[in-house]
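Sequences listed follow chains Z and A, in order. Each step along the first sequence adds one to the number in my numbering, with nothing skipped, and position 414 is 414. Each step along the second sequence adds one to the number in my numbering, with nothing skipped, and position 318 is 318.
Simulated from the structure, these hints should not be mistaken for laboratory data. Heads up, some of the hints might be wrong.
[Stated by the list, open to error] DEER-style ranges, computed between Cβ atoms:
id, chain 1, residue 1, chain 2, residue 2, range
1, A, 334, Z, 126, 38 to 44 angstroms
2, Z, 289, A, 124, 32 to 38 angstroms
3, A, 229, Z, 228, 42 to 48 angstroms
Just so we're clear, the structure is a prediction, and the values are computed from it rather than from any experiment. We put the CB at the ideal spot given by N, CA and C, even for glycine.
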Amino acid sequence: MDRTVLAARFREQLAEKSVITELSELRTYECDGLAHYRVTPAVVVLPQDTAQVQHCVRVCAELDVPFVARGSGTGLSGGALPHADGVLIVTSQMRRILEIDVANELAVVEPGVINLDVSRAAAPLGWYFAPDPSSQQVCSVGGNVAENSGGAHCLKYGFTTNHVLGVEVVLPDGQLVTLGGRSRSTPGYDLLGAFVGGEGTLGVATKIVVRLLRKPESVQTLLAGFRSTDAAGAAVSAIIGAGVVPAAIEMMDALAIEAAEAAVHCNYPDGAGAVLVVELDGPAAEVAHTFLAVQRHCEDNGSFEIRVAADDTERALIWRGRKSAFAAVGRISPDYIVQDGVIPRTALAEVLTAMRELADEAGVRVANVFHAGDGNLHPLVLFDDDKPGEAERAEEVSGGILDLCLSHGGSITGEHGVGADKAKHMPKMFTAEDLDTMQRLRCAFDPQGISNPGKVFPTPRLCGEVPGRKKQAHPLVQAGLADAF
Amino acid sequence: MRSSGVPLVADLAGALAEVVGGAHVRGTPTGINVRPGTTEEAAAVLRAATEHGATVLPVGAGTTIDWAPASATDVQLQLSRMDAILEHSAGDLVVHAQAGALLADVQAALAPHGQRLALSSPFDAGTIGGLVAFDLAGPQRYAHGTARDLVIGSTSVLADGTVAHSGGKVVKNVAGYDLGKLYTGSRGTLAVLPDVWFRLHPIPEATRWVIAQASDTTSAATALAAVRASQVAPTALQVRAHRGVIEIGVQLDGVTAGIDVRAEAVCALFDEFGPGVENDRPAGWGALPETEVLLLLTYVPGALASVLDVLGMAAEVNGSAGVGVLHVGCELAEAAALLERARRVTATHHGHTVVLRAPAGAELDLWGPQDPALRALMLRVKDQFDPAHTLAPGRLPTGI
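Please work from the sequences and hints to get the whole structure.
Listed below in structure tokens is the structure:
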């Protein structure tokens, strides 16, 4: 498909500057947050509204050209990695917050709106948008919808899918539908629930109705230093076992702490083999009581230093180390792979030990940051690409870590998505029947196979013709000339 | 349709008996009742039924079987033999239960560990499968959502006998599509789910209910809106209305040390009504009206007063005012007019009205208007998962 033909068709409705064909500009979109996969798209479009998105998708459908949607391009699984012969539909120009409606506990936003900006807009009224990925100052709500993003507070508050009431979607054939809406329980199938986390393979979201929550009366945060991840893990077990549901409970190991220190000077407790960041929120009396219990559990399990944030500034400082962790490892290693495996929380100690052995054997350093409450690990596998063999060994360790997660009954991805990066691992987690069944959904939404193709599933399913309703036996069987087996 | 001339029923019943054993197949006035004991048997049953061109209704305890539309099928696939709790990982707060397990039995097994499934069913004898198939939920949906928010993994059997899994046993999981959400509420029209993984919550140390009788719809709605705007973090906000009597209620869960302060805060917001605080669940909390006709109304929660005003004296209302979901019941004589009013007011407020239950032959428009593009998409999904339309025909909007 000729780039200039495509561009001309887009320019039928989009402004000149919204259609990019110049190579050096196209290159700025060649990757998302997963920088070692790069593909230059044929054309990049920046639509301003739903009608323009529809036009772009219709053109793609007509010309049988694949398209990939991109929000802020912060994704960590290559979900927005372009198709070399395809179109990249960038939603960053669609960034209006259309409504904040706290009386109905919702907001309506365009897909390019930055996640944190929703909370900022609702803050004066005392409400907020709960999903809080670490990239929330940059990532888009549309991207959150595509990936079903989580964040530190999803242990208590759930994921993006629990905070979206409705989505206006341009289907891959260009039709516009609304899945869900502003109220609950739309008659028929929960296609909204199927769409969130669809990683851009089911169409493009052009408007999103999100749930807003009332800000909690009280927030209490502590940082606890432990000599080892085992001790910290035992404290987590004690807290969860006591029936506490913290708003967040995060862990970092010594290497991750070292990196964070180098980057942001968070001044975490000296000599800590692990730290826990525990946050509780809710009504004041509840939080005060439970917070004391949490501190006791930390002490009882060997915490040698506990810092309680006295105010928002101190809270932000405690979180700074944790939130900077991914970027911070850049200070202690030229390159790294960030993993996103999940294990049952009860398997934490065992898996961390096995990971350490795996890493030691391969001579690779692994820094650990994770959502201790729900078992979502973010091992940061460090290497130096300039040193021969290190990249390969890091890949091996990465793969080994995923295998460990799966053998303990976990998942290959807790929040970053499968994208391009982990499609090859899907058959380790799911059978051929599992993947085929999932792809039936994809065939219903995108029979032509042009919406972010090549992502999530290692082998596409042939959608073929939609079989007609079979009420009668085959005519040959009816005529008594054949039997069906 | 059979080339051999053997009647469909006898031929199919024979095939099913070969799969599950003769003891677990019996003819009934509403179809061949077959009870598989394993997922493999369920798959073989569905495969046989599809090959015979038969229709199948998955059934649990039959608590919603008379809900509209009560169309007959050739086969009733009953999951009552598959009633085990397969695994409960208390440390991870997840449970794996079979579809035939009763919700009450699951809760009883979890309780000694201080845990529960944050779902309640209006039916005492309801099964896990029924809960998921209808996405049933109780008052605590305000804080915890419905079944669709609590299912983390599932086994599904398709009409052609394919057995597939989605999700898993960990709460954090975005690998692949969330088919659990697609299946939840699909009323057995896409797949049979022999077993499901749920996330669990701790049983709260203390619970209080603050109940008051409001003088009119406006003050009731204003008071509930004030609770939603407060920071008491309620678990449920309910409204009941019948013959002009309006009762509002708030459920609070938490620790003993903090709960009374919160209950007092709600009482202050309900002050004009003279509220009471109760330590035990009030009678009828979350119950469904037991009328001939039962409607489900959804709307944006701020519109409560407008919705209640339109319903009138004949309607019995019991619903989750906090999320804008009401169950409304009436007798058949008033149903058509009530349905029309309800449909109009909910549509005005971004919602829908559907008929959940009606007597056979009631001739009510069960689903109301639907966007054609959305309807077409749902039909495409149906056609992909169940191309022969074997499963639960007529249980969802026309065509599915």
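Right, here's what the structure says about each hint:
1. A/334 - Z/126: 38 to 44 angstroms: holds, 42 angstroms
2. Z/289 - A/124: 32 to 38 angstroms: holds, 34 angstroms
3. A/229 - Z/228: 42 to 48 angstroms: About 45 angstroms separates the Cβ atoms of residue 229 of chain A and residue 228 of chain Z, which means 42 to 48 angstroms holds.
Every hint, counting from the list given before, is met by this structure.
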